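K.L.:
So the protein lines, in turn, are chains L, Z, B and R. When the letters of the first sequence are read in order and numbered with the working numbering, they come out as residues 1 to 502. When the letters of the second sequence are read in order and numbered with the working numbering, they come out as residues 1001 to 1309. When the letters of the third sequence are read in order and numbered with the working numbering, they come out as residues 2001 to 2308. When the letters of the fourth sequence are read in order and numbered with the working numbering, they come out as residues 3001 to 3351.
No lab work stands behind these hints, which were simulated from the structure alone. There may be inaccurate statements among the hints.
List of simulated lysine to any residue pairs, SDA-like, C-alpha gap at most 25 Å [stated by the list, open to error]: (1) Z/K1300 / R/Y3333; (2) L/K108 / Z/Y1195; (3) L/K21 / R/V3337; (4) R/K3336 / Z/A1087; (5) B/K2167 / Z/V1009; (6) R/K3339 / L/S403; (7) L/K375 / R/K3209; (8) L/K320 / R/S3224; (9) R/K3032 / Z/I1108.
Remember, it's a predicted structure, so these values are computed and weren't measured experimentally.
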Amino acid sequence: MSEILRMEHISKQFGDFYANKDINFDVQQGEVHTLLGENGAGKSTLMNVLIGLYQPTEGSIYLRGKKVEIDSPAEAVRLGIGMVHQHFMLVEAMTVFQNIILGDRRYKGIFIDHAARRKEILELSWRYGLNIDLEAKITDISVGAQQRVEILKALYRGAELLILDEPTAALTDIEVEGLYSVIDKLKSEGKSIVFISHKMREVLHVSDRVTILRAGKTIKTLLASETDGKELANLMIGRDLVECEYEKKESEQEPVIELRNVDYNKTSKHNGLNGVSLMVRKGEILGIAGVDGNGQSQLSQIVTGVTMAEAGEVVLKGCKVNHVTAADFIEKNVSHIPEDRNRMGLVGNMTVEENLLLKSTQDCAFCDLNGWHLKKKAMRTYSESMRVKYDIRCQGMDQEIRSLSGGNQQKVILARELEAKPDLLVAVHPTRGLDIGATRYVRDNMIAARDAGCAVLLISADFDEVLQLSDRIIVMFEGKVMGEYSGKNPPISTISLAMAGK
Amino acid sequence: MDWNTIAEVLTSAVRMATPLLFVALAELYSERAGLVNIGLDGIMAFGSLVGFLVCFWTGSPFLGVICGALGGVLVNMVYAFCTVTLAGQQIVYGMALNIFAPALASFIYRVVFGVSSTLAQATLMKTVSIPVLKDIPFLGKLLFDQTPMVYAVYLLVVVTMIYFNRTKSGLNYKAVGEYPKAAETMGINVIRTKYIASIICGFLAGMGGAYLTTCYVNTYSDGIVAGRGFIALAAVIFGRWSGSGVLMACLLFGLFDAMQLRLQVGTDLLPYQLFQMIPYVMTLIALTIFGSKIAGPKSKGKPYYREER
Amino acid sequence: AKTEAPAAAEKTFKVAMICDSSISDGGWGAACYNGMTAAAESRGWETAYTDAIDQSAYADTMISYCDLGYDMIFAPGNQYSDAVKQVAADYPNVAFAVLNGSIELPTANIMSILPNAQQIGSIAGIIAGLMSKSGVIGFIGGMELDTTKAKLAQFTAAAQVINPDIKVVSAYAGSFSDTAKGMELAASMINEGADVFFGDASAVDSGARQAIDQANGDTVKIYDIGQPADILGQNPCIVSSVVTDNARMIAICLEKVETGSFGNEVVFGSLENGAVFLGKFNDELMSADLQAQVAEYIKQLQDGTFGK
Amino acid sequence: MQKTKTLNVLIPVLSILLAFFIGMLIILALGKNPIEAIGYLMKGAFGSKTNLANTVVRSMPLIFTGLCTCFAYRCGVFNLGGEGQFLAGAMAAITVSLLIGHEGWWVSIVAVLAGTVAGGIWGLLPGILKTWRGINEMITTIMFNYVATLFMGYLYTTALREGSVPQTAPVPDATKIGRIFPDLRITWGIVIAIVLGIAIWYFLFYTSKGFQLRAVGFNPVASSYNGLSVKKYMLTAFIVSGAIAGLGGAADVLGTQFRLISGYGGGYGFDGVALALIAQLHPLATVAVAYFFAVLRVGSTTMQVGTGVPTSVIDIIQALVIIFAVAGSSMMYLPKVRKFVTNLFERKEAK
Ligand SMILES: Nc1ncnc2c1ncn2[C@@H]1O[C@H](COP(=O)(O)OP(=O)(O)OP(=O)(O)O)[C@@H](O)[C@H]1O
Ligand SMILES: Nc1ncnc2c1ncn2[C@@H]1O[C@H](COP(=O)(O)OP(=O)(O)OP(=O)(O)O)[C@@H](O)[C@H]1O
Ligand SMILES: [Mg+2]
Ligand SMILES: [Mg+2]
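Let's have the full structure, built from the sequences with the hints guiding it.
P.N.:
Have a look at this one:
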């Protein structure tokens, strides 16, 4: 095996902050090399340096032993490096097809050869099992589908060295299996892969070697075959993490929210609800299982007041809801961890502190005179305490939230939503992109909220998560409820079939 | 209204829409790459002066138009450097162009011609009628008996439509305006695209300016642009950032303006300002009726830093 | 008095003009500037000007000139009256001359210069009335200034004296610089049948003349009357110009500054004192017979018998 | 950190100086004395009590239109209609004061209120079109500017015309906004402007509503998910920013200009946009930049008069100053420049 990539002494500074410090990293031809690390450890940063999106403060990059200056992603593309980005690089106003062929230089000619390119992409997607509607606009497809588009995009361009930055965060198990075979196929073609994931099972399954990053520094590189999840977790977060099982409960208390025959955009298979009836009781976690893009987004929007049901009834805390806004739901103590944190959850240009307090500046703890004077000191004390409590890794409370790593952004949302002590918590993919420590933390907190009497609606594309946390499970397919199952000893194979519409 | 008047109004509408169309297309290309350029008035002013001077000296309106366009490019490079390379505020530099370029034009005119009681006159571009087609009753004169510039601009609309909707390059170009970082990761050179956009924008806006002094009126005077840049800006939004939309918007605006002038000449009961409001009010009404949820290229107006999250 | 005279002779007087339009606009600005420089030259004054300024800068600019020791400030338009009054109160030793200023405006250090707009309109109206074959004549104004309105009114009245059935089509461009608009306005008036034009809109007029020339093609059958300078020959369509001799009126003001008798006065400009007169004719467009008729009517105008 | 802060100020200042330097070269090339020119500039802006006062007077309308932009943009509303709203305010104020006439000081208060309301309404119209029909405000506000300007034309040529020129009658003396010092043209309007600047600054950064307004401005989707009524805030931003400009128009016409006339208020709107953006939408900085603009305007008028170069040259120099000033501050954000600057400092420290 020959070496394809070597990064030497890479440092990357943002302001006074080192996101990467003196990192050495190499990839052999035909291997899968995983980068493992907590949220904010600097994995994405290192890869962004590699593809020329960031310029390193120091260090050099060698490709097949030759020193290269990668001063732009265009250069990286030219050198045969491709990347699936953690934060999707998709042009929302364009179709899937257009996104995939963007920047394509392999074919000459002025015009887009629609038919030929379509055929090629469809073949590819079929070969790798990445199902996608090419003519759909990016805005109209689910996050999971967007993830598939990202992967397809990278595959379409056929890179020698492919970086996959948390490619499985929004994929279902079946799709993850598909991705494994993609990776195997690529490996067999002699291509190399840098893989980033927080899911230990995956890491151990696909990797040849694993490099662990912590706080911007390389800790160790090991052979995947010679290690186990425990050791990796230990190296990653610096302490042991015991696997745990959550106790399942059967709640008999009154429902907090109930949907009766709710319709929304009924005709759409992927973006609608069709006669959905369900309820979430106090003190239970209702998990929604299903492949992403079967109406889950619409469901979450209806139970948080972001959109109105077109038909049917929504009953919140015993009152029928007629005309609603998100504010009314928040007033009634409904919390929401939305599916797209950057777009729906956070105000990117505002600071960590401001995002933590987004919903609560009207509380008397943080303001006087009915909101006409903010208590900046109290706000600071509170946000600092949240930083400690939720382990938010940031340079300071005044840092703009968009420059935080994905996992830490999620923690900010979590802190905001859970601290409101909600009666109903709607959590959509709450641990997507979180490292194992943080994931554990989130799950513990959701269980704690349940035990404190909160009704939790958990929507997740991560089947394991749904199984692990839910007291009851509902399966959704094409906007319809396929069935309801107990969380205790769930019939896994039946549920899997239901998820596929059978 | 008789046919003759209608034909005359339409001819005048086409005439008035032409410079607008040049400039609106200029803005279209700029905004499609994410650059909102409100300095169109300035670029036009400079283009109109350069066009006029060259036409005056060489006697060739064609050369004038080309040089006017190049003048526009030159001026717009200031904008491009500041907004693309330095990633500065687009609105501010647009405003700065609006102060800078007309002043420069005025200064040059003063240096060349000094103060005289009459304006210097240059030759105008001749109309070239297209054989056969021009004899079509009614439409013939309207569409096929114009200066080559008019044909050029309509051709440009078609080219623009094809470019943005059918070509690879056009797709890449649009991506830059939508999400430059994504475009960049796909190997598209964002900075280069933005510079190209600025060159096209300067070229077309300069040409629109030069059109005024080489094809429309045969003199240059300060203030000749008379806010056409801002109307063009509005036309791009009205036209929803598409070639055909911009064409419609400009024609509509030309039509309203032409009608406004006729109404003013025909009646003297109402204050003339009320007539002059017609194009603007009609545009507002038209917008209200058609609505427009489309917000245009998503990254427009925003400076692009590659290393920003 | 003997010791004073040589001192006064040594002193070089200075006059400055402010203007909101450009002095190279080939219309109002240029005419006023040329008027001022001609007058200054005839009396050995120094000149300065500030043009193309915003309304908000009128006062500041005049203050700056006052501070720099200028003896007179020439403001060519009634729109400057307010600013002039304001500044004049603070600088009693500086003279202010306002062209087209109102009759009430003058104070101890302000004078108005008032060319007779009625006469200007009338002269144009006479020519138009005699020249028009279609019975429709056109007028394009820049802004709705009182002087413009007066010109339009007299233009109409005088033409109707000549030809009671004549129809006047008029419009305001709302601008003094939008040449293209002048073109469009003229084109639409031609469409209405207008065949003689008069305008009071500076650069806009040159657009109108261009439209006329274009409509004429090779034979001139639609005419234009120029003002305020004699612009005969600039465009083929010009039959004659109604000339306002600004220099002459400004010179009167300069002289009064020199002699210390400036203020509290309106300098009128009219046919009578020669500050308004008819320019040369284009003999090819206008027969000698018609020219004689014009002269006759103008004489009546002076006598006050015109139209009576 | 401290060093970069110093640099953030130093670089723009240096670039302004550079712009002046280039301007002086132009003046030199025209055969005039550049040192003298600078002298005139200073003299014009600061030379005497009157000049200082003039500068302040000139800054007042700019502060209002700047704050108008600042408020709207903070809420994500791209209001380019400051000019129209300013004029609406001025028109309402003068109409009210002329209709009521010589009645006493309370008329000025009514007139100012009328101006504020009119500005607010002129802002509300594009606001309704935006929230109701989703029409881009950049285009509608431009259209409304033209309509306001033309309507003002109607007022001064026809409806409220006085005497021989197209201009309205002047505001009755009793209705004029008082001067702070009897012999200077500075009125209480400037106090209103500055207090307003402080109030907006306080509102945006120290109140809960201001906080939410900014959130809406940055990310309307996230704001609506978090229970903020995006439409309500946007509409408020339209109305309030319009009202600020309208108040400015009223203060200007009642305090400085006294009547409407052709060309009145031209350019204030776009100046406001430019200067608020230069001030990075910070209300207090907006006030400061507006003053700087006024210094530039007043000072360069004197410079033109003193040196006798054409006005266009002065405009060119002014534009250069703006271009360089903004370029200087945006340069500081570029990673390459930052790196260069920090290297520079580190090397110095090493020595
Ligand atoms: N453009 C930027 N500007 C400022 N800081 C940044 C920027 N990009 C990353 N950072 C910071 O660098 C650190 C590393 O971020 P990075 O995204 O590389 O983490 P990560 O290991 O990918 O984490 P995650 O698992 O959450 O994706 C974080 O603290 C982040 O806040
Ligand atoms: N990149 C592309 N490649 C191929 N076909 C495209 C592309 N973009 C658009 N089209 C097709 O071209 C046609 C017109 O596209 P679109 O809807 O963008 O038009 P428009 O923007 O409304 O108008 P205009 O043609 O004036 O830009 C549609 O049929 C669309 O499917
Ligand atoms: Mg990451
Ligand atoms: Mg299109």
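K.L.:
Against this structure, judge whether each hint is valid.
P.N.:
Going down the list of hints, with the structure as the test:
1. Z/K1300 / R/Y3333: Status holds; Cα separation ~19 Å.
2. L/K108 / Z/Y1195: holds (23 Å)
3. L/K21 / R/V3337: holds (21 Å)
4. R/K3336 / Z/A1087: The hint holds at about 12 Å.
5. B/K2167 / Z/V1009: holds (21 Å)
6. R/K3339 / L/S403: Satisfied, since the Cα-Cα distance of roughly 19 Å is no more than 25 Å.
7. L/K375 / R/K3209: holds (14 Å)
8. L/K320 / R/S3224: Distance ~22 Å between L/K320 and R/S3224 Cα, so the pair holds.
9. R/K3032 / Z/I1108: Judged against 25 Å, a Cα distance of about 18 Å means the pair holds.
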